[in-house]
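**Student:** Residue numbers for the sequence shown follow my numbering, beginning at 1 and rising by one.
FYI, nobody ran anything at the bench for these hints, they're computed from the structure.
Where hints are given, some of them may not hold.
[What the hints assert, rightly or not] Okay, the calculated beta carbon distance ranges per label pair: (1) Val204 with Phe264: 21 to 27 Å; (2) Gly102 with Ile149: 21 to 27 Å; (3) Val23 with Asp233: 41 to 47 Å; (4) Asn257 with Gly336: 19 to 25 Å; (5) Phe56 with Leu255: 46 to 52 Å.
Please read these numbers as outputs of a predicted model, since none were measured by experiment.
A virtual CB, placed ideally from N, CA and C, is assigned to each residue, including glycine.
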Amino acid sequence: MGVFRQTDKKKSVIDRLDIPLLVGVAGIVLFGLVMIYSASSYVAQKNYGNAFYYVFKQIFGAVVGFGGLFFFAFFDYQRLVKLRYIVLIVSFVLLIVVLIPGIGVENYGARRWIQLPFMTLQSSEIAKFGLIVFFAAYMAKHTDKMGTIKGILPLLCISAAMCFLILLEPNMSITICIVLLSVLLLFVGGVKIKYFFVLAIPIVALIPILILLEPYRLNRLVAFLNPWANPLDEGFQLIQSLYALGSGGFFGLGLFNSRQKFLFLPFAESDFIFSIIGEELGWFGCILVLSLYGFIILRAIKIARNAPDRFGAYLAAGIAGIIAIQVLINIAVVTGSIPPTGLPLPFISHGGSSLMVFLASIGILQNIHRQSHITTAIPTSMLSTRSLYKREA
């Protein structure tokens, strides 16, 4: 016997979109453009002779990203099941190509970008979502195997291989995202809790090894523990970030009135843009931004719970998860809650690759939402204790 969900056939295609989610995402992207201008105008004018240099680049990313959003909103997400191997192979190819000298662009000691005619493409941004697609497809197809180590071994190997290639760039922050995302997806997929304790052993053992392999990671750890030990070098960025957040108070210094953006806070327009938000809009502004993120994530979770099949549920859950993970890590870094690492704030930080891929993922959510309006039957056997589906009365 199934649980049936009835659609309103009179609704148009546009009516079936999740309009609140679309408005929320459009609002946070527009807000991001304003904050990028505020955080970068002085540096952009000084370095490029154009105060809107970073804004124009972000607008390009937004235009392409919203194009991707509407494409995937009307692209049957279930086709991604058949494309899962292609998506995964492309993700790995991009991660390998970026390591090739002459193709991969090196910046600040890391090779993370591929130079394209109009922009640079960050391979790891695509790889994150390639991982979500493959995990979701595999877990939906092999539901009965998710309770065994043998069943989840292919997923663990793929996740480990992806982490290895990203570490070669090196990019510790995205590696952490991949690990946390993999754990989240495995949990949603029904993996037994005891297996997570087993998996935690090699992960914890690798942490000191990874720190020792790259001296800069040890320096960042020291800077996190005591930024004042080296305030003009490793501790500089965190100290300036805390100055920005502290000077903002409850209501901030006012939009465009940041002082830290005048060459004090590095990467103010990208990884540390939340510090500028706190300085200009204060604690109140930060809470509003976090509330908007919470709204977007909750809408994604709702879409996952109402998805017409397991693949859609896992896919939506993965998208909600990666947004939440990046928001939490970014804010933890700028507030000094975890060691410094470079990771953009979704939809807000400057970065065309990140913006385009996140917007395209919102399009996938929209398509899952649209498909959930089609009359369908969900077997009651799918409604397990850790299921994403809601039993309807």
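**Student:** Decide, hint by hint, whether the structure agrees.
**Tutor:** Structure-based check of each hint:
Distance hint check: the CB atoms of Val204 and Phe264 are about 36 Å apart, inconsistent with the given range 21 to 27 Å. The hinted range of 21 to 27 Å is not satisfied by Gly102 and Ile149, whose Cβ atoms lie roughly 41 Å apart. Distance hint check for Val23 and Asp233: the Cβ-Cβ separation is about 44 Å, which falls inside the suggested range of 41 to 47 Å. The supplied range of 19 to 25 Å is met by Asn257 and Gly336, whose beta-carbon atoms lie about 23 Å from each other.
Taken as a hint, the range 46 to 52 Å is violated for the pair Phe56 and Leu255, whose Cβ atoms sit roughly 20 Å apart.
When each numbered hint is compared with the structure, violations occur for hints 1, 2 and 5.
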